[in-house]
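The listed protein sequences correspond, in order, to chains V and R. Going letter by letter, the first sequence gives residues 1 to 267 in my numbering. Going letter by letter, the second sequence gives residues 268 to 541 in my numbering.
Because the hints were derived from the structure by calculation, they are not lab data. A virtual CB, placed ideally from N, CA and C, is assigned to each residue, including glycine. The reader is advised that the hints may include incorrect statements.
To be verified - Below are the EDC-like pairs computed for lysine to aspartate or glutamate, each with C-alpha atoms no more than 20 Å apart in a straight line:
1. 185/V / 504/R
2. 350/R / 112/V
3. 185/V / 521/R
Said to hold, decoys possible - Computed, partial: chain R to chain V, Cβ under 7 Å:
4. 354
5. 358
6. 374
7. 457
So the chains spell out like this:
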Amino acid sequence: MTTKAPNPATAPSKMLKYWHRHMSTLLGLGIFAALLALWETSISLGWISKFVLTPPSGIVKALIKLTQNGELTGALFTTLSILAASLGLAMVIGISIGYLLYRNQLWGKAFEPLLGAIFASPLPLMFPIFLVLFGRTFYAIIFLATIYGSIPIIMNTREALLSVRRTLIWVGRSFRLSETQIFWKIIVPAAAPLMFSGIRMGLIYALLGVVAFEFLTDLGGLGRLLSELNYKFKIPESFALTAATVMLSGLVLFITGWIERSISNSR
Amino acid sequence: MTQKKANAVLSVEQVSKSFYVEDEPPILALSETDLEVQKGEFVAVIGPSGCGKSTLFNIIGGLIPSDTGQIVVEGKKTNGPDKQIGMVFQEESTFAWRTVEENIAFPLELAGVPKQDRIKQAAHFADLVGLSGFEKRYPAELSGGMRQRVALARTLALEPQILLMDEPFAALDEQTRMLLGEKITEIREALDQTVLLITHNITEAVQLSDRVAIMSFRPGVIKRILDIDLPRPRGPETISSDKFGHYVGEIWADLREEAARGLRESEKALADDH
Numbered sequence: 001m002t003t004k005a006p007n008p009a010t011a012p013s014k015m016l017k018y019w020h021r022h023m024s025t026l027l028g029l030g031i032f033a034a035l036l037a038l039w040e041t042s043i044s045l046g047w048i049s050k051f052v053l054t055p056p057s058g059i060v061k062a063l064i065k066l067t068q069n070g071e072l073t074g075a076l077f078t079t080l081s082i083l084a085a086s087l088g089l090a091m092v093i094g095i096s097i098g099y100l101l102y103r104n105q106l107w108g109k110a111f112e113p114l115l116g117a118i119f120a121s122p123l124p125l126m127f128p129i130f131l132v133l134f135g136r137t138f139y140a141i142i143f144l145a146t147i148y149g150s151i152p153i154i155m156n157t158r159e160a161l162l163s164v165r166r167t168l169i170w171v172g173r174s175f176r177l178s179e180t181q182i183f184w185k186i187i188v189p190a191a192a193p194l195m196f197s198g199i200r201m202g203l204i205y206a207l208l209g210v211v212a213f214e215f216l217t218d219l220g221g222l223g224r225l226l227s228e229l230n231y232k233f234k235i236p237e238s239f240a241l242t243a244a245t246v247m248l249s250g251l252v253l254f255i256t257g258w259i260e261r262s263i264s265n266s267r
Numbered sequence: 268m269t270q271k272k273a274n275a276v277l278s279v280e281q282v283s284k285s286f287y288v289e290d291e292p293p294i295l296a297l298s299e300t301d302l303e304v305q306k307g308e309f310v311a312v313i314g315p316s317g318c319g320k321s322t323l324f325n326i327i328g329g330l331i332p333s334d335t336g337q338i339v340v341e342g343k344k345t346n347g348p349d350k351q352i353g354m355v356f357q358e359e360s361t362f363a364w365r366t367v368e369e370n371i372a373f374p375l376e377l378a379g380v381p382k383q384d385r386i387k388q389a390a391h392f393a394d395l396v397g398l399s400g401f402e403k404r405y406p407a408e409l410s411g412g413m414r415q416r417v418a419l420a421r422t423l424a425l426e427p428q429i430l431l432m433d434e435p436f437a438a439l440d441e442q443t444r445m446l447l448g449e450k451i452t453e454i455r456e457a458l459d460q461t462v463l464l465i466t467h468n469i470t471e472a473v474q475l476s477d478r479v480a481i482m483s484f485r486p487g488v489i490k491r492i493l494d495i496d497l498p499r500p501r502g503p504e505t506i507s508s509d510k511f512g513h514y515v516g517e518i519w520a521d522l523r524e525e526a527a528r529g530l531r532e533s534e535k536a537l538a539d540d541h
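From just these sequences and the hints, can you work out the full model?
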């Protein structure tokens, strides 16, 4: 039997291979670029009034202006600080409650539907209650964003700890590990990817909560700046800030997604 | 029927175990079971599904307590997992977050062995199970058979007197299973290891063992112990010999009745559920 050398004429080219590997990303970027071009053209040809919709080029200009005058940087700093505080609290609360609900099966089962119901409910509607409790302060925003962020962390922590296979725990027992050693050396690392998914969701929900409540309270951060720009009818700046917020969410998603993949890639 | 010999390294003495399910009569999984394993011996325990093989495995390993009787290792009654017994499980049991090397070194890490020595010993055991060159890989990058060998090397790193294995190759294909069986035999000879293998595979039991203990279906007791008088190593010639086939036939003759009873009872239980 003879083996044939691959024919260079029929072998896929490097470019073709690159295209196959990154097809979905390139396609997504292509669609996005086409939409931006259509958007820009529609306004420049007068199909849509520029008073209703700012063209992408106008949004970029406004974004540069907002960055240069320091408004965006200051608001971003405030939002990120509130987000960090909320996420920190959500992680402490979420992981602790998730662990307790894992330890106590009865409570876990009893609380699961309740948590699901809170998670599915429109929390911003409860904002007046928090305003009464905390006043019109950053604490009210942090409190609500913490609740928003902690629920997926609670649910995923419990689920992650429960999903650790019994065989892994038995391996620990066969090695004569104490229950504490089994928990830290086996259960926690085995549950880590699913727990991180919960933290990632918590971060996204907390970010949504922070920006939404900043918008409602008019206290500070990206939400407040957007509310002010809307109030003053600064349309290009409003669009620019919305774009900046979307980019921030995208960046958060990308970074946390990358961390999540690097945790689970080794599995 | 049991065989009583002096100097047993592992003795299962009059072990019984029942399981209780709400609103149902208790299930007697093991009834006054006796078994003795001599030093350096390879014993297989074979039985139909649901005969209590895995219960026996868990009791010997100290993972679950027996209702009556005791497990004696080197003359001492055990109380929970014993350091002389190393367990290899049927299900996937490698740590996905650790490399092959880190998996194998896990018990050494717990024992406080310095890092350099751990790496050296892990490399030795990886080599022993034929995983040299894969030390830095994660279990997800390995095949099912390789992962089972990682679990085996991790258990061997503890240097236990007795290797207790519960159908470690059950999830693997027949050819991989036979090759790994040969590997186990080599390792056992290299380390002068005593092995107790729980299995439902008759060929595997005859290929690997010095003695095969046949269990009855519920309640599980050792029904008969068969000495396997075949030369080692047991390569293709031995496996295709008449004598090998005779042993397989003899075990099946004993097991058939038990397996049929097990099948009838499980089908009856399914019918009752409806």
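Exercise. Have a go at the residue 354/R hint: is there a Cβ in chain V nearer than 7 Å to its own Cβ?
Key: holds, 4 Å
Residue hint residue 374/R, partner chain V, criterion CB-CB below 7 Å
holds, 5 Å
- If you take the shortest Cβ to Cβ gap from residue 457/R to chain V, is it below 7 Å? violated, 22 Å
Q. Holds or violated: is the Cβ of residue 358/R closer than 7 Å to a Cβ in chain V?
A. This hint holds: residue 358/R lies near chain V, its Cβ roughly 4 Å from the closest one there, short of 7 Å.
Satisfaction of hint between residue 112/V and residue 350/R, Cα-Cα up to 20 Å
Since the Cα atoms of residue 350/R and residue 112/V sit roughly 40 Å apart, the hinted pair is violated (cutoff 20 Å).
- Task: Quickly compare the C-alpha distance for residue 185/V and residue 504/R to 20 Å and report which way the hint goes.
- Result: Cα-Cα ~46 Å, so violated.
Given the hint that residue 185/V pairs with residue 521/R, test it: the Cα-Cα distance must not exceed 20 Å. violated, 44 Å
When held up to the earlier numbered hints, the structure conflicts with 1, 2, 3, 7 and fits the remainder.
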